[in-house]
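Taken in sequence, the protein lines are chains A and B. Residue numbering for the first sequence follows my numbering, beginning at 1 and increasing consecutively. Residue numbering for the second sequence follows my numbering, beginning at 1 and increasing consecutively.
Hints are computed from structural coordinates only; laboratory data are not their basis. Since this is a predicted model, take the numbers as computed values, not measurements. Cβ coordinates follow ideal geometry from the N, Cα and C atoms, glycine included. A couple of the hints might just be wrong.
Unchecked claim - Stretch-level coverage of chain B by chain A, calculated; a stretch enters the list once three of its residues show a Cβ under 8 Å from a Cβ in chain A:
(1) 105–117
(2) 192–200
(3) 408–419
Here is how the chains run, residue by residue.
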Amino acid sequence: MFSLRDAESPLERAIVRLSQGAPYADAMAEFSSGIQARVERTQTAARPSAEIRGAVLRAWDGRRWIEGSAPDLAASSLDRAVDGILRSVAHGTGPQRPVPGGPSTARGEKSLVGARRPVDVPIAEHVELSRHWYEIAKSVDGIFNAICSVSTATNERLFLSSAGARLYQSVDRGAVNVVPVARENGRVEYTALTEGWTGGFERAESFSEDGVREAAGTALALLKAEAPPTGAMTVLLDPGTAGVLAHESFGHGTEADQAMRDRSYLKPLLGQRVGPEGLTLVDSGVLPAGWGSMSFDDEGTEAQRTVMVDRGVFRQMLHDRETAHALGSTPTGNSRRADYLSRAFVRMTNTYVEPGDWSFEELVREAKDGVVLERVTSGMEDPLGGQMQIKTHYGHRIVHGELGPLVSGMALSGRVLDFLGAIRGVGKKEYFRMDPGFCGKGHTDLLPAGTGGTYVLSEGVVGTA
Amino acid sequence: MTENLAAELAPRLRAAATAPWEVYAQRATRHEIHFNGDQIELVRGPLATHGYGLRLFRPAEKSIRVGFAASNQFDAGAIDRTVQRAEAAAQYASFPASKVELPGSAPSLPSLSIVDERFQADPAGTLDAFVAGLLAAFETTPRGVPSFGSIRATLAESSIANSEGLSAQFASTEAELEVAVKASGGPEGAPPGEFWVNRSARRVAEADLGVDVPTWVKLAEDMRRARAPSTGPQTVVFPADVLADIVPPVLGFRLSGPAELRQMGTTVGTAIAPPAVTVWDDGRLPWGTGTQPIDDEGTPEVRRALVENGVVSAHLYDSLHGAALGHPATGSALRGGGLGAAWYRFASGLSVSPTNLVIPPGPGGDVSELAEQVGEGIWLTQLGFPFPDPVAGTFGGEIRAAYRIHGGKIGEPLRGGTVGGPVLGPTLEGTLLGGVRAIGSRATLVGSFHAPPLLVDGVGVAGGP
């Protein structure tokens with residue numbers, strides 16, 4: 001079986017060549033593989049993910065970064081990438097600057113794997129487990145179809161630099177997705193139940209059967225769901241929806257490259273109160289089993305837990321080495337590449353709302369009238385404007401302090417700071433949940449990012465979606 | 001002339017795999033320039049990638065077992081291993097068709113407008129010149145600056161071969177532009193405004209990418225004083241820029257073989273819009289980003305009506321779904337999409353998708369004439385992102401840029417609140433397509449969508465009182 005360690009010598013030679021023509025150079029090599037299985041009413045699909053290996057090489061020429069890539073790890077491909085970079089370096093003119101933020105010199109190996117590595121789990125087992133969830137969902141009366149998938153993947157990364165850094169990590173990821181489908185009189189409704197993790201295949205087996213049956217029941221109920229109320233109102237976000245608020249609406253504004261460009265509504269608020277005492281927002285690359293967890297980022301900084309908002313006060317932005325140096329902070333291990341063909345910039349890992357001390361029943365009572373937003377489907381950042389856009393698949397009305405009828409999809413908007421300032425309660429630890437997702441910076445460069453937390457009660461504008 | 005990687009692989013596959021088989025290969029080179037303000041931050045390229053995806057079709061009782069595997073390694077051992085992985089996957093797969101007919105050898109492919117020859121000849125120079133021109137345009141607009149941006153362009157050489165004797169190849173280019181335009185300064189107290197541009201086109205050309213710096217700066221300026229709209233159903237004009245993110249994903253699924261097979265589609269003969277609305281799928285549209293001579297399994301592209309006089313007239317099929325449902329393939333087997341970057345098309349399985357969707361212009365007139373017909377309503381310029389749900393057929397997003405239409409004239413700017421609802425449904429009432437009252441007279445090409453503005457009544461809007 002191929003390992004990135006096998007490619008270390010040609011990568012080192014490439015870095016030596018680059019460093020002869022540029023003040024600093026580094027490389028990130030990658031090898032990825034995996035298996036996906038899907039079972040539904042009419043078909044079964046099973047396929048291994050593409051086996052992809054390649055490397056990105058980067059040089060600092062005193063003014064700017066120059067990057068090239070090799071589509072495999074052969075010495076000839078790496079040589080061509082080095083030649084291309086050196087041609088651009090040779091064109092550089094003007095005043096020189098040292099490497100922004102200074103180079104990493106860290107060395108080590110640390111992997112995120114579980115008891116059962118993906119490579120040891122046969123395709124058949126992925127298919128059997130998908131079929132297991134399919135049968136459970138289909139056993140609910142009225143469920144027409146269920147699209148059930150199990151996937152696992154391994155991503156190895158090796159980071160080397162001309163300053164002596166050498167970091168190796170292997171990250172195993174897995175995900176289970178169950179989508180029960182109901183239909184009636186031309187109307188189709190569904191729900192999606194998803195779990196994703198870093199670690200071994202054993203997590204796939206602990207997926208909740210009760211959860212699948214409940215999701216199937218919700219899909220059926222959605223056939224008769226009312227339209228949601230619209231306009232400004234009290235809103236209770238479920239843990240997944242609160243996580244997308246923490247990530248999309250707040251987290252993107254804490255990415256310090258946006259602050260460097262004066263494109264963050266949060267930049268002037270560092271050190272100031274943005275929410276109540278009960279609000280703490282965290283980004284953690286070391287969350288155990290977190291979908292977005294890793295050992296080190298793609299410029300050689302160890303992953304860490306960063307408290308962005310501590311008991312209502314905005315304390316910390318997320319940094320790469322350059323932004324940390326420029327803004328007088330320290331790197332937070334958030335410089336990530338989607339893959340070896342994508343650029344590195346400041347990205348989140350697992351972003352969540354820390355639990356508070358309210359029970360769900362207390363939050364509903366406190367709301368009096370409003371809506372619970374459930375099963376988040378998407379969110380969109382607005383780092384300069386500070387507006388929020390979050391969509392959920394469904395929700396429930398809150399009527400006179402009690403949970404009311406099911407309502408169909410909703411879109412939440414409003415000013416993020418208004419929302420945070422109006423928070424009246426944060427749910428207990430027992431509701432804490434993380435969802436797997438893929439985050440883009442803008443519309444591109446999608447990479448694994450976990451979002452979650454607990455219930456959050458506040459005010460917002462609700463529309464249909 | 002492109003490099004026919006698939007033809008190079010074919011002899012090895014004839015030896016290693018029993019028929020039927022198909023291989024899709026791609027070699028791509030990409031260049032990027034990223035800038036912060038007027039400073040070049042990062043130059044990337046050539047970023048090289050190549051790889052192939054292999055499909056094997058194995059007959060079984062009343063079904064076909066389809067195995068897929070992909071790799072970016074071209075040595076004989078890696079090719080054999082990819083064949084083995086595809087065979088292993090096929091053992092567990094099942095698709096409800098008795099046989100599949102792959103396209104055979106084809107006459108020479110038509111010459112289509114899909115290659116930016118200037119970029120092909122001088123990729124780095126073309127991007128340098130584009131960025132220089134773009135930044136120079138901002139020098140004449142002191143109130144607006146590009147807070148950051150990037151231009152990324154790819155030359156892809158695609159090739160397909162199969163056991164029926166098909167061997168075809170073609171080259172294409174694609175450019176992606178992202179610019180965040182910020183307006184600030186002026187009267188104290190007004191927060192900065194932003195207009196965030198994301199466009200794609202076949203050519204690195206200002207006209208194709210919709211570059212219009214004065215308009216972008218005006219939009220960013222106007223958003224500084226924008227307010228949220230009022231809540232309730234309203235008449236809204238959707239231009240092609242907004243529709244491009246809503247209509248293709250929803251129609252692309254609901255009018256597809258996969259939706260039909262799952263009984264989740266909209267059947268042929270169903271009225272989804274007023275008689276004035278016609279929708280084409282046009283795989284040969286000049287400079288459309290969905291244009292190519294053949295689809296990704298080798299079926300020639302044509303133009304076909306999907307919706308005629310408001311009624312669904314056809315569905316889209318690949319070879320497999322066509323075989324299962326008794327229809328010929330329609331040139332709709334496409335790779336990529338979803339989370340896959342364009343340069344990993346070889347690594348993704350086939351999906352059934354539209355190529356370029358075209359809504360022909362109508363008699364609705366220009367901007368002022370459309371506004372006059374609206375009377376009271378909204379001209380929607382940009383949503384955060386509409387995140388369409390193809391299964392439910394809905395969309396919804398936050399208003400990032402819009403204008404109120406009052407007394408038949410375009411008036412003050414709007415920002416915040418949401419627009420959303422069903423795109424199509426069991427009845428015309430309350431849906432985006434069903435509510436079309438007028439169709440503008442001038443169509444614009446936005447990536448793979450070519451349409452005029454649509455004036456729609458009864459759209460769900462949520463904002464202020």
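For each hint, the structure was consulted:
Evaluation of the coverage hint for the stretch 105–117 of chain B: breached, as 0 residues show C-beta separations to chain A shorter than 8 Å, against a requirement of three. Here's how the stretch 192–200 of chain B fares: 5 of its residues keep a CB closer than 8 Å to some CB of chain A, so the rule of at least three is met and the hint holds. Three residues within the 8 Å Cβ limit are the bar, and the stretch 408–419 of chain B against chain A gives 5, so the coverage statement holds.
Hint 1 alone, counting from the list given before, is not met by this structure.
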